[in-house]
Every structure is written in C-alpha cells, then in structure tokens.
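Chain residues, written in single-letter form:
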Amino acid sequence: MIRSSNGRRTTVLAGLALAAATLVAAPGHARADVTADCELLEISAKAGNKPAIDAELKPLEKKLKKPPLSTWSQFTLLSRSQKSLHKKKPESISLKIGSATATLVEIVDKSKVRLTVTIDDAKGKHVVDNTTTAEAGDWVIVVHELAGNEGHLLAATCK
Amino acid sequence: MTRPSHPSSGPPSGRSSGPSGLPSDLELMEHADGERDDAELAARLECDPAARAKVEVIHQLGELVRGHLELSADAVHDARFAAMWRRIDGQLVAPPAGVWARLSGWFDRYRGHVITGAVSAGAVAALALILRPGTSDLAVAGSGGHVIDVRPVALRATPEVDSLDTPGGSSTVINLDDEDGHATVIWVSSEDSDPEAI
Chain A
2 MIRSSNGRRT TVLAGLALAA ATLVAAPGHA RADVTADCEL LEISAKAGNK
52 PAIDAELKPL EKKLKKPPLS TWSQFTLLSR SQKSLHKKKP ESISLKIGSA
102 TATLVEIVDK SKVRLTVTID DAKGKHVVDN TTTAEAGDWV IVVHELAGNE
152 GHLLAATCK
Chain B
189 MTRPSHPSSG PPSGRSSGPS GLPSDLELME HADGERDDAE LAARLECDPA
239 ARAKVEVIHQ LGELVRGHLE LSADAVHDAR FAAMWRRIDG QLVAPPAGVW
289 ARLSGWFDRY RGHVITGAVS AGAVAALALI LRPGTSDLAV AGSGGHVIDV
339 RPVALRATPE VDSLDTPGGS STVINLDDED GHATVIWVSS EDSDPEAI
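Chains as they are written, first to last, in my numbering: chain A, 2 to 160; chain B, 189 to 386.
Some hints here could point you the wrong way.
Unchecked claim - Quick list of in silico lysine to aspartate or glutamate cross-link-like pairs, DMTMM-like style, CA-CA up to 25 angstroms:
(1) A:Lys-84 x A:Glu-107
(2) A:Lys-89 x A:Asp-130
(3) A:Lys-88 x B:Glu-367
(4) A:Lys-66 x B:Asp-368
(5) A:Lys-59 x A:Glu-107
(6) A:Lys-66 x B:Asp-337
(7) A:Lys-63 x B:Glu-228
(8) A:Lys-67 x A:Glu-40
(9) A:Lys-47 x B:Glu-258
(10) A:Lys-111 x B:Glu-223
(11) A:Lys-90 x A:Glu-151
(12) A:Lys-160 x B:Glu-379
(13) A:Lys-67 x B:Glu-367
(14) A:Lys-90 x A:Asp-121
(15) A:Lys-89 x A:Glu-57
(16) A:Lys-88 x B:Asp-366
(17) A:Lys-124 x A:Asp-38
I should point out that these hints are in silico values taken from the structure, not numbers from a laboratory.
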C-alpha cells in the first residue's frame with residue numbers, strides 16, 4: 002500500500018509539473034498573439050497661399066481638405082511608423098516633435114480596435130491621453146494646435 | 189585424544205605396568221590426557237625419566253594435533269565464505285555512475301508514472317487552451333498575425349471616444365466621414381495657443 006501510494010503521488014506531481022509548464026508556455030504565447038497592425042503618421046500643418054499635401058498622405062487627403070483641418074493648406078509628413086501592437090503593451094512611437102505611445106487595448110466585435118494614444122510635446126509636457134474605439138481602416142487624428150497657426154498631427158489607423 | 193574409558197578399579201588387564209614395573213604407553217597417554225589420576229603412576233614417573241619424556245612428547249603431540257585441526261577448521265570456513273562472496277559479487281550488478289545514468293535509471297523505474305503524468309498534462313493543457321480566460325478578443329491568433337475584419341465603409345460604425353484627457357488644454361472632437369471611411373479628429377488647444385485661429 003505504501004509503495005502504491007508513493008507511486009500515485011509521484012505520478013500526480015509529475016503531471017502537475019508538466020501541466021504547469023505547458024500552461025505557462027502555451028496560453029501565454031497564444032495571448033501574446035492578439036495584435037493589430039497600425040500605421041501612425043506624424044504630420045506638420047501650416048497655412049499658406051499654395052496648398053501642398055505630401056504624396057504619402059494620399060489616404061488622408063480628403064479629410065485634410067475638410068474643416069477643421071482645412072484651416073491649414075500645407076501638410077508635410079514628418080514621420081511614419083508601422084507598428085504591430087500587442088494587446089495592452091504600450092509601444093513608443095518615435096516622433097520628430099515630442100514623443101508618443103500607442104497601446105492596443107483590445108479588439109472589439111472582431112472589426113473594431115480600441116486604441117490608446119498619448120502624446121508629449123517637445124518640452125516633455127503631456128498633451129493628450131486618448132482612448133478611442135474605431136473600425137479597422139478608419140482614422141483617429143490627434144491635432145495639437147501650436148503657436149503661429151501651425152499644427153502638429155498624429156494620425157493612426159489599424160487593421 | 190579421548191579413548192574408551194575403562195574402570196579405574198581392579199587390576200588393569202593388558203594395560204598394566206610392564207614386566208619391569210614401568211608404566212605402559214596406554215597408561216602414560218591416559219595420564220597425559222588427565223584421564224588417569226593415579227598417585228602410584230605419578231610416583232613411578234618421578235623415577236622414570238623415559239616415561240616422563242614420553243608424557244612430555246604426548247603433550248606436545250596433542251598440542252600439534254589440536255592446533256592443526258583448529259587451523260583446518262578455520263581454513264574450511266574461510267574457503268567457503270570466499271566462495272560464497274565470489275558468487276554474491278558475481279550476481280551483483282554494478283550501480284550506474286554519473287548523473288545521466290542516474291537520471292535514465294530513474295526514468296526506467298518510473299516510466300509508467302512519467303507517461304501517465306505527460307498524458308495528464310497534455311489533457312489539462314488542452315482544456316486550459318480551450319477554456320482559458322481572455323478570449324473576449326474575437327481575433328484569433330493566426331500564424332504570425334491576427335484576424336480583424338475590415339468592413340466596408342458603409343457598414344462601419346462611427347468611432348467612439350472612450351476617454352480623453354488634455355492636461356493644461358482644451359479639446360474638441362469632430363467626426364469626419366467620406367467614401368474612404370470615418371475619421372475622428374481630436375483637436376487639442378493649449379492654453380497658450382490662439383483659439384481664434386481655428
């Protein structure tokens with residue numbers, strides 16, 4: 002009886018150890034795979050007599066010509082970031098002016114992305130902390146109005 | 189060195205003293221072995237150096253025989269034990285040396301347990317993968333990617349701002365729609381910027 006009991010205990014312990022190892026490895030990997038491919042465009046906006054929109058901003062061109070963005074007529078792409086965002090893992094976005102982070106909060110209804118964007122200005126001052134739920138392919142554009150009738154834009158879309 | 193006993197009383201027949209009155213060899217041997225306590229014999233030995241020498245020789249011979257027998261007995265035991273140990277050593281298997289040998293030995297002994305444990309672990313892991321929490325994300329992980337439906341523009345819902353914080357400034361949310369899709373514009377005006385410029 003003692004030998005049988007010891008054997009059973011050994012079996013149970015071995016099973017638990019292997020199960021724990023498997024649980025740590027497999028589901029963790031699966032959870033880490035919840036991602037969204039996001040594109041972030043840093044744009045400089047100015048008013049001018051001659052309208053000019055960078056060719057890389059073609060996907061946003063129609064929107065940039067609508068109010069209130071039509072306040073400006075010259076839009077220049079400062080930087081472009083392609084990020085594969087992992088759920089609840091903030092990703093820092095390198096900007097020409099200031100800094101930003103983007104976090105995939107979750108994917109909603111299989112077609113929407115809940116995204117958090119934070120922006121600090123060139124002085125390190127916190128400008129905005131925003132969470133928006135948008136359909137995949139739609140845009141979230143954060144506009145920071147600067148002195149001299151200039152604008153600093155960060156546009157994000159995910160799919 | 190014992191011999192058949194005989195009655196000490198009565199005239200010793202055939203073993204009595206010789207014709208010259210000297211003690212016979214048998215009497216001397218019995219005396220040497222302590223089997224005959226005869227004062228008369230002892231007195232005669234005092235007067236007979238040859239008989240005393242015989243008794244002495246008998247003593248020595250007895251010691252020799254006793255010692256030889258004891259040695260023989262010990263030799264027999266040692267030989268038997270040596271043979272027995274040789275057989276035992278031959279039947280013993282050398283214990284495995286080294287960590288790997290011990291590990292493989294352990295697995296050999298508990299192979300059934302390990303297999304049972306592995307099967308149990310697999311079953312538990314499969315259940316955990318199926319029932320694990322956090323599956324509210326309907327996007328299922330694929331090979332190195334994800335599945336997010338990009339719906340047609342006409343079917344898309346307007347973006348919703350869940351939270352907005354603009355420390356040290358004000359904000360305005362504007363939704364823009366066109367045939368390319370929706371856009372939510374979050375307009376942040378700092379306190380030091382000119383709101384009239386909008």
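Hint check results:
1. Under the criterion of a C-alpha separation no larger than 25 angstroms, the hint pairing Lys-84 of chain A with Glu-107 of chain A is consistent with the structure, at around 15 angstroms.
2. Between Lys-89 of chain A and Asp-130 of chain A the CA atoms are separated by roughly 15 angstroms; this keeps the pair inside 25 angstroms, and the hint holds.
3. About 30 angstroms separates the Cα atoms of Lys-88 of chain A and Glu-367 of chain B, which puts this hinted pair outside 25 angstroms; it is violated.
4. Distance restraint check for Lys-66 of chain A and Asp-368 of chain B: the Cα-Cα separation of roughly 13 angstroms lies within the 25 angstroms cut-off, and the hinted pair is therefore satisfied.
5. Distance hint between Lys-59 of chain A and Glu-107 of chain A is unfulfilled; the C-alpha atoms sit about 28 angstroms from each other, more than 25 angstroms.
6. For a cut-off of 25 angstroms, the pair hint linking Lys-66 of chain A to Asp-337 of chain B is broken: about 28 angstroms separates their Cα positions.
7. Of the pairs offered as hints, the one joining Lys-63 of chain A and Glu-228 of chain B is violated, with about 154 angstroms between alpha carbons and a cut-off of 25 angstroms exceeded.
8. With a C-alpha separation of about 21 angstroms, the suggested pair Lys-67 of chain A and Glu-40 of chain A falls inside the 25 angstroms cut-off, and the hint holds.
9. Distance hint between Lys-47 of chain A and Glu-258 of chain B is unfulfilled; the C-alpha atoms sit about 123 angstroms from each other, more than 25 angstroms.
10. This hinted pair does not check out: Lys-111 of chain A and Glu-223 of chain B have alpha carbons roughly 119 angstroms apart, beyond 25 angstroms.
11. Among the hinted pairs, Lys-90 of chain A with Glu-151 of chain A is inconsistent with the structure: their alpha-carbon atoms are about 32 angstroms apart, more than 25 angstroms.
12. Between Lys-160 of chain A and Glu-379 of chain B the CA atoms are separated by roughly 35 angstroms; this puts the pair beyond 25 angstroms, and the hint is violated.
13. Distance restraint check for Lys-67 of chain A and Glu-367 of chain B: the Cα-Cα separation of roughly 13 angstroms lies within the 25 angstroms cut-off, and the hinted pair is therefore satisfied.
14. Note on Lys-90 of chain A and Asp-121 of chain A: the hinted pairing holds, with a Cα-Cα distance of about 18 angstroms set against a maximum of 25 angstroms.
15. The suggested pairing of Lys-89 of chain A with Glu-57 of chain A is violated, with an alpha-carbon distance near 29 angstroms, which exceeds 25 angstroms.
16. Under the criterion of a C-alpha separation no larger than 25 angstroms, the hint pairing Lys-88 of chain A with Asp-366 of chain B is inconsistent with the structure, at around 29 angstroms.
17. The suggested pairing of Lys-124 of chain A with Asp-38 of chain A is violated, with an alpha-carbon distance near 29 angstroms, which exceeds 25 angstroms.
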